[in-house]
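Student: Listed here are the chains, written in short residue letters.
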Amino acid sequence: MKRLGVALLLVAASAAAQDRRKSGTEFMSESTRAMQRDDTQNPAMLWVANGGALWQAKAGKAGKSCAACHGDVAGMRGVASRYPAFDPSAGRVVTLGERINLCRTGKQQAAAFAPESEGLLGLEAHVALQSRGLPLAPPADAATRAAAARGQALYGQRIGQLNLSCAQCHDDSWGRKLAGATIPQAHANAYPIYRLEWQGMGSLQRRLRNCMSGVRAQVPPLGAQELVDLEAWLALRAQGMALETPGVRP
Amino acid sequence: MTARALIHMPASAKAGEIVEIRALIAHPMESGYRPGADGKPVPQDVIRGFTCTYEGEPVFAAELHPAIAANPYLAFFIRASVTGTLEFTWRGDNGFAQTERKTLTVSP
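Chains A and B, in that order, give the protein sequences. Each step along the first sequence adds one to the number in this note's numbering, with nothing skipped, and position 187 is 187. Each step along the second sequence adds one to the number in this note's numbering, with nothing skipped, and position 23 is 273.
In short, the hints are calculated from the structure, not lab data. Take these hints with a grain of salt, some might be off.
Partial pick of chain A residues on the chain B-facing surface, computed with a CB cut under 8 Å [to be verified]: (1) Ser29; (2) Gly160; (3) Gln161; (4) Gln199; (5) Gly200; (6) Gly202; (7) Asn210; (8) Met212; (9) Val215.
Simulated restraints on C-beta separations [stated by the list, open to error]: (10) A:Ala68 - B:Ala311: 22 to 32 Å; (11) B:Asp295 - A:Gln56: 53 to 63 Å; (12) A:Glu197 - B:Pro260: 40 to 50 Å; (13) B:Pro291 - A:Asp171: 24 to 34 Å; (14) A:Ser117 - B:Ala325: 39 to 49 Å; (15) A:Ala179 - B:Lys264: 28 to 38 Å; (16) B:Asp288 - A:Ser213: 44 to 54 Å; (17) B:Ala311 - A:Thr40: 16 to 26 Å; (18) B:Ala261 - A:Gly133: 20 to 30 Å; (19) B:Ala312 - A:Gln56: 29 to 39 Å; (20) B:Ala261 - A:Gly71: 19 to 29 Å.
Listed below are the simulated SDA-like cross-link pairs for lysine to any residue, each with C-alpha atoms no more than 20 Å apart in a straight line [unchecked claim]: (21) A:Lys22 - A:Gln161; (22) A:Lys22 - A:Arg150; (23) B:Lys352 - A:Thr182; (24) A:Lys107 - A:Arg150; (25) A:Lys58 - A:Arg104; (26) A:Lys22 - A:Gln168; (27) B:Lys352 - A:Asp39; (28) B:Lys352 - B:Met259; (29) A:Lys58 - A:Thr40; (30) B:Lys352 - A:His70; (31) A:Lys22 - A:Gln185; (32) B:Lys352 - A:Pro250.
Computed from a prediction, not measured in an experiment: that's the story for all the values here. The C-beta atom is built at its ideal place from N, Cα and C for all residues, glycine as well.
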């Protein structure tokens with residue numbers, strides 16, 4: 001019996017040792033954490049409210065709203081936590097934002113939202129909010145895993161004049177300072193985020209492009225395959241961590 | 251020109267109770283000191299003042315300045331006295347004005 005107890009303790013200890021992943025929230029100051037935790041303080045809720053209005057608004061030639069097909073937005077629980085994912089109609093791996101735009105152009109017959117537009121970020125945040133607290137669960141189909149594998153290679157690849165890879169900062173040096181800011185572990189479990197530095201909302205791709213220009217590399221355009229692949233890898237890397245959207249970051 | 255504003259407060263309170271009110275409004279609070287994409291300064295566009303009236307009587311006011319971040323958030327307390335309407339008004343540059351109303355039901 002005693003031996004079994006020791007064995008169980010060892011199992012528990014090794015599980016804790018395995019998962020040393022920390023959400024970006026844990027690297028923030030207490031005041032910023034409070035801002036994210038409390039929906040009445042979180043400025044991202046302004047975007048969520050806009051997204052709620054768009055969810056109900058009829059759009060396009062079809063004159064349909066999101067709600068006309070999907071019903072109440074609460075039914076979208078568990079959707080945001082599985083993106084990016086392979087989409088059969090598009091024939092490729094798409095992000096949640098791209099999926100929303102596929103609905104726009106396909107079902108609603110309306111113009112697609114511009115990347116990083118207020119409307120798209122609002123709808124994304126509104127849909128993602130429904131999955132808050134759920135573990136990230138990227139799908140295991142071959143196409144999504146292939147995108148994640150390409151993303152993993154990009155994550156480890158040195159780029160730019162500074163010749164740095166994502167892994168060098170976010171795997172090897174997390175917790176240390178970079179220009180006064182703490183380097184987090186780069187788990188994308190709170191996007192889209194309200195960033196205090198931006199004084200507004202932004203997508204994961206905006207954040208990725210920030211890092212790329214930071215190391216003085218060539219920055220791919222929004223929606224580029226490399227960025228989607230990186231997103232797919234980050235989702236797999238953060239698999240099982242709770243979705244926090246809408247996040248607040250310094 | 252209306253912006254999205256979120257006001258959080260209880261719908262009802264007991265007479266004499268202290269009630270917290272939280273008001274968040276979407277606004278760029280452009281300081282006037284930043285260069286735009288073309289290198290020229292972006293004209294100033296800030297909310298100048300916020301007032302809250304309770305049944306027509308001012309109970310809270312704030313002055314806002316260019317150093318205040320975008321989407322300003324204000325939290326303050328009032329003492330519930332009578333059932334009535336709270337009126338929240340933001341005023342700023344370029345004729346920006348927005349008013350929101352909430353009702354507070356007060357039980358004795």
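Student: Against this structure, judge whether each hint is valid.
Tutor: How the hints compare with the structure:
Below 8 Å, beta-carbon pairs count as interface contacts, and A:Ser29 has none with chain B, the closest being about 15 Å; its hint is therefore violated. Interface restraint check for A:Gly160: the shortest CB-CB distance to chain B comes to about 23 Å, outside 8 Å, so the restraint is violated. About 23 Å separates the beta-carbon of A:Gln161 from the nearest beta-carbon of chain B, more than 8 Å, and the hint is not met. Here the hint on A:Gln199 is kept, as its CB sits about 4 Å from the closest CB of chain B, short of 8 Å.
Interface restraint check: A:Gly200 against chain B, minimum CB-CB distance 7 Å, threshold 8 Å, status holds. With 8 Å as the threshold, the beta carbon of A:Gly202 stays out of range of chain B, its nearest partner Cβ sitting at about 13 Å, so the hint is violated. Hint status for A:Asn210: violated, given a least beta-carbon distance of 16 Å to chain B, over 8 Å. Among the interface hints, the one on A:Met212 is violated; its C-beta lies about 19 Å from the nearest C-beta in chain B, farther than the 8 Å criterion.
The beta carbon of A:Val215 is not positioned within 8 Å of any beta carbon in chain B (closest approach about 23 Å), and the interface hint is therefore violated. One distance hint, 22 to 32 Å for the beta-carbon pair A:Ala68 and B:Ala311, is violated here, with the actual separation near 44 Å. In this structure, B:Asp295 and A:Gln56 break the distance hint of 53 to 63 Å, their C-beta atoms being roughly 30 Å apart. Here the CB-CB span from A:Glu197 to B:Pro260 is close to 34 Å, at odds with the stated 40 to 50 Å.
Under the hint 24 to 34 Å, the C-beta atoms of B:Pro291 and A:Asp171, about 41 Å apart, miss the expected range. About 30 Å separates the C-beta atoms of A:Ser117 and B:Ala325, a value inconsistent with the hinted range of 39 to 49 Å. For the pair A:Ala179 and B:Lys264, the supplied restraint of 28 to 38 Å is violated, since their beta-carbon distance comes to about 51 Å. A hinted range of 44 to 54 Å is violated for the C-beta pair B:Asp288 and A:Ser213, which are about 19 Å apart.
About 21 Å separates the C-beta atoms of B:Ala311 and A:Thr40, a value consistent with the hinted range of 16 to 26 Å. At roughly 26 Å, the beta carbons of B:Ala261 and A:Gly133 sit within the given window of 20 to 30 Å. Checked against the hint of 29 to 39 Å, the pair B:Ala312 and A:Gln56 passes, with Cβ atoms roughly 33 Å apart. Here the CB-CB span from B:Ala261 to A:Gly71 is close to 27 Å, well matched to the stated 19 to 29 Å.
A hinted pair counts as satisfied when its Cα atoms are at most 20 Å apart, and A:Lys22 with A:Gln161 does not qualify at roughly 29 Å. The straight-line distance between the Cα atoms of A:Lys22 and A:Arg150 is roughly 24 Å, outside the 20 Å bound, and the hint therefore fails. Only pairs whose Cα atoms come within 20 Å are accepted, and B:Lys352 paired with A:Thr182 is rejected, the gap being roughly 41 Å. This hinted pair does not check out: A:Lys107 and A:Arg150 have alpha carbons roughly 31 Å apart, beyond 20 Å.
In summary, the hint linking A:Lys58 to A:Arg104 is supported, as the alpha carbons are separated by about 11 Å, within the 20 Å threshold. Between the alpha carbons of A:Lys22 and A:Gln168 the distance comes to roughly 17 Å, so the proposed pair stays at or under 20 Å and holds. At most 20 Å may separate the alpha-carbon atoms for a hinted pair to count; B:Lys352 and A:Asp39 meet this at roughly 19 Å. For the suggested pair B:Lys352 and B:Met259, the alpha carbons sit about 9 Å apart, so the restraint of at most 20 Å is met.
Between A:Lys58 and A:Thr40 the alpha-carbon distance is near 28 Å, which puts this suggested pair outside the 20 Å criterion. About 31 Å separates the Cα atoms of B:Lys352 and A:His70, which puts this hinted pair outside 20 Å; it is violated. Using a Cα cut-off of 20 Å, the hinted pair A:Lys22 and A:Gln185 holds, with the two alpha carbons roughly 7 Å apart. Annotation: proposed proximity of B:Lys352 to A:Pro250 is violated, straight-line Cα distance about 32 Å (limit 20 Å).
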